[in-house]
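Chains A and B supply the protein sequences, listed in that same order. Add 2 to the 1-based position in the first sequence for this note's numbering, that's all there is to it. Add 22 to the 1-based position in the second sequence for this note's numbering, that's all there is to it.
Everything labelled a hint here was simulated from the structure, so no lab data went into it. Where a beta carbon is used, it is the ideal one built from N, C-alpha and C, also for glycine. A portion of the hints provided could be inaccurate.
What the hints assert, rightly or not - Anything over 12 angstroms on all C-beta distances counts as not near chain A; from chain B, calculated:
# : residue
1 : MET67
2 : ASP87
3 : GLU109
4 : ILE115
What the hints assert, rightly or not - One side only, chain A facing chain B, incomplete, derived with CB under 10 angstroms:
#  : residue
5  : CYS14
6  : TYR36
7  : GLY45
8  : PRO46
9  : GLN47
10 : TYR48
11 : HIS51
12 : THR67
13 : VAL87
14 : TYR89
15 : ARG93
16 : ASN99
17 : PHE101
18 : TYR102
19 : PHE103
20 : GLY106
Claimed, not checked - Okay, derived cross-link-like pairs now, DSSO-like style, lysine-lysine, Cα gap no bigger than 30 angstroms in a straight line:
#  : chain 1 : residue 1 : chain 2 : residue 2
21 : B       : LYS63     : A       : LYS112
22 : A       : LYS100    : A       : LYS5
23 : B       : LYS88     : A       : LYS100
24 : B       : LYS42     : B       : LYS63
25 : B       : LYS86     : A       : LYS5
26 : A       : LYS100    : B       : LYS42
27 : A       : LYS108    : B       : LYS77
28 : A       : LYS71     : B       : LYS42
29 : A       : LYS100    : B       : LYS77
30 : B       : LYS36     : B       : LYS77
31 : B       : LYS88     : B       : LYS77
32 : B       : LYS88     : A       : LYS5
33 : A       : LYS71     : A       : LYS5
34 : B       : LYS63     : A       : LYS5
35 : B       : LYS36     : B       : LYS88
36 : A       : LYS5      : B       : LYS77
37 : B       : LYS88     : B       : LYS63
38 : A       : LYS100    : B       : LYS86
39 : A       : LYS5      : B       : LYS36
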Amino acid sequence: DAKTTQPTSMDCAEGRAANLPCNHSTISGNEYVYWYRQIHSQGPQYIIHGLKNNETNEMASLIITEDRKSSTLILPHATLRDTAVYYCIVRDGNNFNKFYFGSGTKLNVKP
Amino acid sequence: GAVVSQHPSWVICKSGTSVKIECRSLDFQATTMFWYRQFPKQSLMLMATSNEGSKATYEQGVEKDKFLINHASLTLSTLTVTSAHPEDSSFYICSARWALYNEQFFGPGTRLTVL
Numbered sequence: 003d004a005k006t007t008q009p010t011s012m013d014c015a016e017g018r019a020a021n022l023p024c025n026h027s028t029i030s031g032n033e034y035v036y037w038y039r040q041i042h043s044q045g046p047q048y049i050i051h052g053l054k055n056n057e058t059n060e061m062a063s064l065i066i067t068e069d070r071k072s073s074t075l076i077l078p079h080a081t082l083r084d085t086a087v088y089y090c091i092v093r094d095g096n097n098f099n100k101f102y103f104g105s106g107t108k109l110n111v112k113p
Numbered sequence: 023g024a025v026v027s028q029h030p031s032w033v034i035c036k037s038g039t040s041v042k043i044e045c046r047s048l049d050f051q052a053t054t055m056f057w058y059r060q061f062p063k064q065s066l067m068l069m070a071t072s073n074e075g076s077k078a079t080y081e082q083g084v085e086k087d088k089f090l091i092n093h094a095s096l097t098l099s100t101l102t103v104t105s106a107h108p109e110d111s112s113f114y115i116c117s118a119r120w121a122l123y124n125e126q127f128f129g130p131g132t133r134l135t136v137l
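Chain A with its partners taken away, still in its complex shape (with noise of 0.2 angstroms):
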């Protein structure tokens, strides 16, 4: 079962930044913090995971807070392309590292 929750949905301006929080209160000390996106009609997309320490890549960063029951996914300038559902993701680290993936956030980037 997921166990993450998200908003069901968040609008964004073009060029601004989008902060997109995720709630994984009951998250175990070596389970790791994974973000997907989905756009329309295609497999989900690698965007960044991070344990406990705040990560940075090309697409996004990852913001998890000290007592890593919540993180935040950032991107740091929004584009009509980052339209998308983004799916917060606990991996399960003794089970074959799982994926179950909750209901997600429609991100809508609007010009």
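Using the hints, position chain B against chain A.
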């Protein structure tokens, strides 16, 4: 790198027939592959975990005789939907775990429509 392909990308079949979907890791070896199903406007639902050379592990509520999974090599897993019915129409997505980086990479999905 880390490309996962699926074939076919879409398929239409008659009720009662069987359909095979292939999932390939093109540039890495995948000891574990996963199969998901996604209905319109819903999230991905994990169906089964497939390990090379052993039987697949199915999630609760997924019929193993209905959805046959074979993982014969480190780069290929197949999902066969047997005796398909209209309610099996869905978007089927596979992913492959690259042990070197312990990451999952997803295929582009297969749209199945059963008439």
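Exercise. With a cut-off of 30 angstroms on the C-alpha distance, tell me whether LYS63 (chain B) and LYS5 (chain A) pass.
Key: holds, 20 angstroms
Exercise. Have a go at the TYR89 (chain A) hint: is there a Cβ in chain B nearer than 10 angstroms to its own Cβ?
Key: holds, 7 angstroms
Quiz prompt | Given pair status - LYS5 (chain A), LYS88 (chain B), alpha carbons within 30 angstroms | solution = holds, 28 angstroms
Quiz item: Taking 30 angstroms as the top limit, are the C-alpha atoms of LYS88 (chain B) and LYS77 (chain B) close enough?
Solution: Distance of about 15 angstroms is within 30 angstroms: holds.
Quiz item: Taking 30 angstroms as the top limit, are the C-alpha atoms of LYS100 (chain A) and LYS5 (chain A) close enough?
Solution: Holds, because 12 angstroms separates the two Cα atoms, which is no more than 30 angstroms.
Quiz prompt | Separation of ASP87 (chain B) from chain A, once the least beta-carbon distance is taken, above 12 angstroms | solution = Per Cβ check, ASP87 (chain B) is outside 12 angstroms of chain A; nearest 22 angstroms; holds.
Quiz item: Minimum Cβ distance from TYR36 (chain A) to chain B below 10 angstroms?
Solution: Status holds, d = 8 angstroms.
Quiz item: Does CYS14 (chain A) pass the interface hint, meaning its C-beta sits closer than 10 angstroms to a C-beta of chain B?
Solution: violated, 21 angstroms
Quiz prompt | Verdict on MET67 (chain B) as a residue remote from chain A, using beta-carbon distances over 12 angstroms | solution = violated, 7 angstroms
Quiz item: Under the criterion of a CB-CB separation shorter than 10 angstroms, is GLN47 (chain A) in contact with chain B as hinted?
Solution: holds, 7 angstroms
Self-check item: Hinted pair LYS36 (chain B) and LYS88 (chain B), Cα distance within 30 angstroms
Solution: Holds, at roughly 16 angstroms.
Self-check item: When the least beta-carbon distance from TYR102 (chain A) to chain B is tested against 10 angstroms, hint result
Solution: The hint holds - TYR102 (chain A) has a Cβ within 10 angstroms of chain B, the shortest such distance being about 6 angstroms.
The earlier numbered hints that this structure contradicts are 1, 4, 5, 12, 27, 28 and 39.
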